[in-house]
Every structure is written in C-alpha cells, then in structure tokens.
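**Q** Residue numbers (the working numbering): 1 to 103.
Just so you know, these hints were derived from the structure itself, not from any lab. Careful: at least some of the hints might be erroneous.
Derived pair list, reagent style DSSO-like, types lysine-lysine, alpha-carbon separation capped at 27 Å [what the hints assert, rightly or not]:
id: 1; residue 1: K99; residue 2: K84
id: 2; residue 1: K82; residue 2: K27
id: 3; residue 1: K84; residue 2: K26
id: 4; residue 1: K26; residue 2: K82
id: 5; residue 1: K99; residue 2: K82
id: 6; residue 1: K84; residue 2: K30
id: 7; residue 1: K84; residue 2: K27
id: 8; residue 1: K30; residue 2: K82
Note that the coordinates shown come from a computational prediction; the quantities given were computed from them, not determined experimentally.
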Amino acid sequence: MYRLGYLTFPLCAVFTFLFILNLFIKKPSKIFYFLTIPLLLYGVMTLIAPMPVFVGILLIVQLYILCLSVIAFAVVAHALIKRKPFALMFLISFLFFIKCGNI
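Based on the provided sequences and hints, a complete structural model is requested.
**A** Here you go:
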C-alpha cells in the first residue's frame, strides 16, 4: 500500500510536466524528455528496492520535482508572453494550486 503512494508521486510529476510541455510547446526538445528519466527510475526503484531506500531518497526527488516545476512555470510564462491561448488561465490556476498547497 505504501509503495503505491510513493509510486504515484513521481509518475504524476512526469505526466504533468509532459502535459504542460506539449500544451504550450509545439515540438518539445528531447532534453525535456530526458529530464523525466530520474523520476521514472525512482518509480522503478519504488517497486524493486526495500522501503528504507526509496523513502531515504524522497527529499532529493522532491527537490528535483521542484526544479521541474520551475521549468514548467517558465514554459507557461513564455507562452503567456507569446500570447498563446489559455496561457493566462493556466498560469492563474497553476499559482492557485501552489498557493492552496501551502495553506
């Protein structure tokens, strides 16, 4: 049961990051896809490794997801500057989501 909870965290981050990229960038660079590899490896490690191992690495994974969030925020901000449709709405909802998480 705990493994499922720890597995959903990096997978949600990967799919959200790729969704934002594909929503606002016509053809994302392969570098963006390579940035998701550590999270996928953490997901595999969650399935295979003993619990103390993947729980001990969780802080590093959280910091890595924070860095990916900054990149995603920059992509959305760039889309807003380029006046892409729904970029402003997405940015407002993204900031609202982050603000609600801190309450």
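**Q** Taking 27 Å as the top limit, are the C-alpha atoms of K30 and K82 close enough?
**A** 22 Å, holds
**Q** CA of K84 to CA of K30, is that 27 Å or under?
**A** 22 Å, holds
**Q** Between K26 and K82, does the CA-CA distance stay at or below 27 Å?
**A** 13 Å, holds
**Q** Is the hinted pair K99 and K84 satisfied, with a Cα-Cα distance of at most 27 Å?
**A** 24 Å, holds
**Q** Compare the distance between the alpha carbons of K82 and K27 with 27 Å, and conclude whether the hinted pair is satisfied.
**A** 15 Å, holds
**Q** Would the pair K99 and K82 pass a check requiring their Cα atoms to be no farther apart than 27 Å?
**A** Holds, at roughly 25 Å.
**Q** Does the alpha-carbon distance linking K84 and K27 stay inside the 27 Å limit?
**A** 15 Å, holds
**Q** Are the Cα atoms of K84 and K26 separated by 27 Å or less?
**A** The hint holds at about 11 Å.
Comparing the model with each earlier hint shows no violations; every hint is respected.
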